[in-house]
Amino acid sequence: MPVLTRLIPSPVVVDIRPGALDDLAGLLADQRISGSGRLSIAISGGSGRALRERFAPVLPGADWFPVADGTIDSAVRLADDIKGSRRYDAVVGLGGGKIIDVAKYAAARVGLPMVAVATNLSHDGICSPVSTLDNDNGRGSYGVPTPIAMVVDLDVIRDAPVRFVRSGIGDAVSNISAIADWELSHRINGEPVDGLAAAMARTAGEAVLRHPGGVGEDEFLSVLAEALVLSGIAMSISGDTRPSSGACHEISHAFDLLHPKRAALHGEQVGLGAAFAMRLRGAHEESQLFTEVLRRHGLPVLPEEIGFSVDEFVRAVAYAPQTRPGRFTILEHLDLSTDQIRDAYSDYASTISS
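Count the sequence shown with the working numbering and you get residues 15 to 368, in order.
Heads up, a few of these hints could be off.
[Said to hold, decoys possible] List time: in silico EDC-like cross-link candidates among lysine to aspartate or glutamate, alpha-carbon distance up to 20 Å: (1) LYS97 to ASP77; (2) LYS275 to ASP77; (3) LYS275 to ASP325; (4) LYS275 to GLU318.
Calculated from the structure, these hints are not laboratory results.
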């Protein structure tokens, strides 16, 4: 019998620890990513300036490119700027999710490997094969290569606003709801489930959900960072966002589309969406655990806690299936009317408030 295997797209190196950024140049040289130190580094216009001042001395061969925002236009502009400059070994995205998404897209456009250096842990896009960028029609997801290296300096993460770390918690634990939707689609429609991708994404979510620590502890931050990296790799394995995106993300996308100027952080929305979706599928104990963990970490569990009324939440849930045509989740399965959604929400809210 032949021995079969498959190659998994994943970073060559994942470095998660305090002080990791101080060793970035040496790490890239050791891993044959950039022996010359010729790097194009994308940074934000805000916190990126302070990071440039701090790390420019240890990266003397780098050129720094400020990025205005997380739009497709900024990503194309960055790619053009990189092409119009000298030759580089790699593109480095140094910042939060928006900067990393812009850098991933630009690196793909110019054909260079991309190094993700996360300064916060707000969502699993830090290591995913997807760039989520704003465009004229709202927001789009663009397939890109997985980062060749992933660096998380816990000293930098601790300096980030705690709300961003909490958002990452919501995104990580939502994997559990997303996998339940994937398995539901398999039972009802025969959709194939990639067992390795599902196992990786579920393990990542459970690690964060069950961890007793908090956002101020390095041990917990390491587990969260690892979970977000594993979620990204799970998406690379499956070839789509299925391991980490189900009804929870459909609800979040609905908020983004219906209220683009009022939407909360991605992880805040998907955490709330996951807790509600678990209640919809009858997993009452799991839904209760979700809400307890989200509350312990300071995350919202009710729409008014992120600035939305009950009516707006009901409308978002009703609209959610339209955000991902062809994706089957508990929302498509139940096909609830507006009144039924309202009743389900009342049941959810009364249960977690008791």
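Structure-based check of each hint:
Restraint check for LYS97 and ASP77: the C-alpha separation of about 12 Å stays at or below 20 Å, so the hint holds. Note on LYS275 and ASP77: the hinted pairing is violated, with a Cα-Cα distance of about 33 Å set against a maximum of 20 Å. Simply put, LYS275 and ASP325 have alpha-carbon atoms about 18 Å apart, close enough for the 20 Å limit, and the pair holds. Among the hinted pairs, LYS275 with GLU318 is consistent with the structure: their alpha-carbon atoms are about 16 Å apart, no more than 20 Å.
Of the hints listed earlier, the one the structure fails to meet is number 2.
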